[in-house]
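Asker: Given only the sequences and the hints, what does the whole structure look like? Please build it.
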Amino acid sequence: MNATEAVNAHLVLASRFENIEVAERALHDLCATAGCDGEQLYWVVTALREAMANAVRHGNRLQPERKVHVDLSVDSSAVTIRIEDEGEGFDPGLIPDPTVPENLLRPSGRGIFYMQQFMNCVQFSRAPGGGTSVLMVKHLQPTTRSAENEKPSPRSR
Amino acid sequence: MKSQVRDRGEVRIVELSGKITIGSGDVKIRELIDEALAAGKKNIVLDLAGVSTIDSSGIGEMVACFTTVTKKGGHLKLLRLSPKINDILQVTQLITVFEVFDDEAEAVRSYG
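If you read the sequences in order, they're chains A and D.
Just remember that this note's numbering sits 1424 ahead of the position in the first sequence, which is counted from 1.
Just remember that this note's numbering sits 4 ahead of the position in the second sequence, which is counted from 1.
Incorrect hints may appear among the rest.
Unchecked claim - Facing chain D, according to a computed beta carbon distance under 8 Å, are these residues of chain A, among others: (1) Phe1441; (2) Ala1456; (3) Thr1457; (4) Arg1473; (5) Glu1474; (6) Arg1490; (7) Phe1514; (8) Leu1529; (9) Cys1545; (10) Phe1548.
If you're looking for bench data, these hints aren't it; they were derived computationally from the structure.
Glycine included, each C-beta is placed from N, C-alpha and C at the ideal position.
Answerer: Structural data, given as structure tokens:
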């Protein structure tokens, strides 16, 4: 497949946890259409689920009338995901490092860390409506599109 | 998420499978641990061999359960991590928190 032949999807979802499955299914379908699969997809899906969970729970505070806007784009070279909520926004810099010893036993605060580990690029910004927008990109390596033994993901990989 | 529970002596074995994710499996883990503690089982092994996906909420719930069990004087240990779940625990350094086993009999023996 030519790298310029991206397949795209735009979803507007109510703020319910079960809609994380809808976004995941859409990403799987796009990746299948684009001929992109393999080990890396698992970690991209993990990052997508974390971003969706943050939008539903922390951004939109589980209010179904508030929507989560999901833009997915897949080509042979990259998976690009943008997720926007309709909340009040937040400062990701306030999230403490979950890997330092004093935070290891905290029951929360790992979602953004996982997103940053599993994607090449994670950028937060203020959405037009005032909520949070997160843009995530994963660059796909041709040799890993169907690799069986690829190690996951931290950004350096 | 699905679960199966059985006891080997004083050790509660909790087999989990499927997804441990926000809004579903994470809550179920807490219920299973509470049930074990209520039954007097403080030594608990979570067998994760059948778990396909776990997210930060599932991981967070396992950490919360680890703390709860420890405060009760027990030990929560992990059995049969898939490579992916092992990686998820590695990147957040949680692999240093949990005792992890590949063999159930060895996990049970570790309680002495």
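Asker: Take the hints in turn and mark each one as holding or not.
Answerer: Outcome of the hint check:
1. Restraint check, A/Phe1441 versus chain D: the minimum CB separation of about 3 Å is within 8 Å; hint holds.
2. This hint is violated: A/Ala1456 has a C-beta 18 Å from the nearest C-beta of chain D, more than the 8 Å allowed.
3. Checking A/Thr1457 against chain D: minimum C-beta separation of about 22 Å lies over 8 Å; hint violated.
4. The restraint placing A/Arg1473 at the interface with chain D holds, with a minimum CB-CB distance near 5 Å, inside the 8 Å limit.
5. Checking A/Glu1474 against chain D by beta carbon gives a least distance of about 6 Å; that is within 8 Å, so the hint holds.
6. With its C-beta approaching chain D no nearer than about 16 Å, A/Arg1490 sits outside the 8 Å limit, and its interface hint is violated.
7. Interface hint status for A/Phe1514: violated, as the beta-carbon distance to the closest one in chain D is roughly 16 Å, over 8 Å.
8. For A/Leu1529, the interface hint holds, the least distance from its beta-carbon to any beta-carbon of chain D being 6 Å, beneath 8 Å.
9. With its C-beta approaching chain D no nearer than about 17 Å, A/Cys1545 sits outside the 8 Å limit, and its interface hint is violated.
10. Contact between A/Phe1548 and chain D, as hinted, is not supported at the beta carbon level, the nearest pair being about 16 Å apart and thus beyond 8 Å.
Checked against the numbered hints above, the structure breaks hints 2, 3, 6, 7, 9 and 10 and satisfies the rest.
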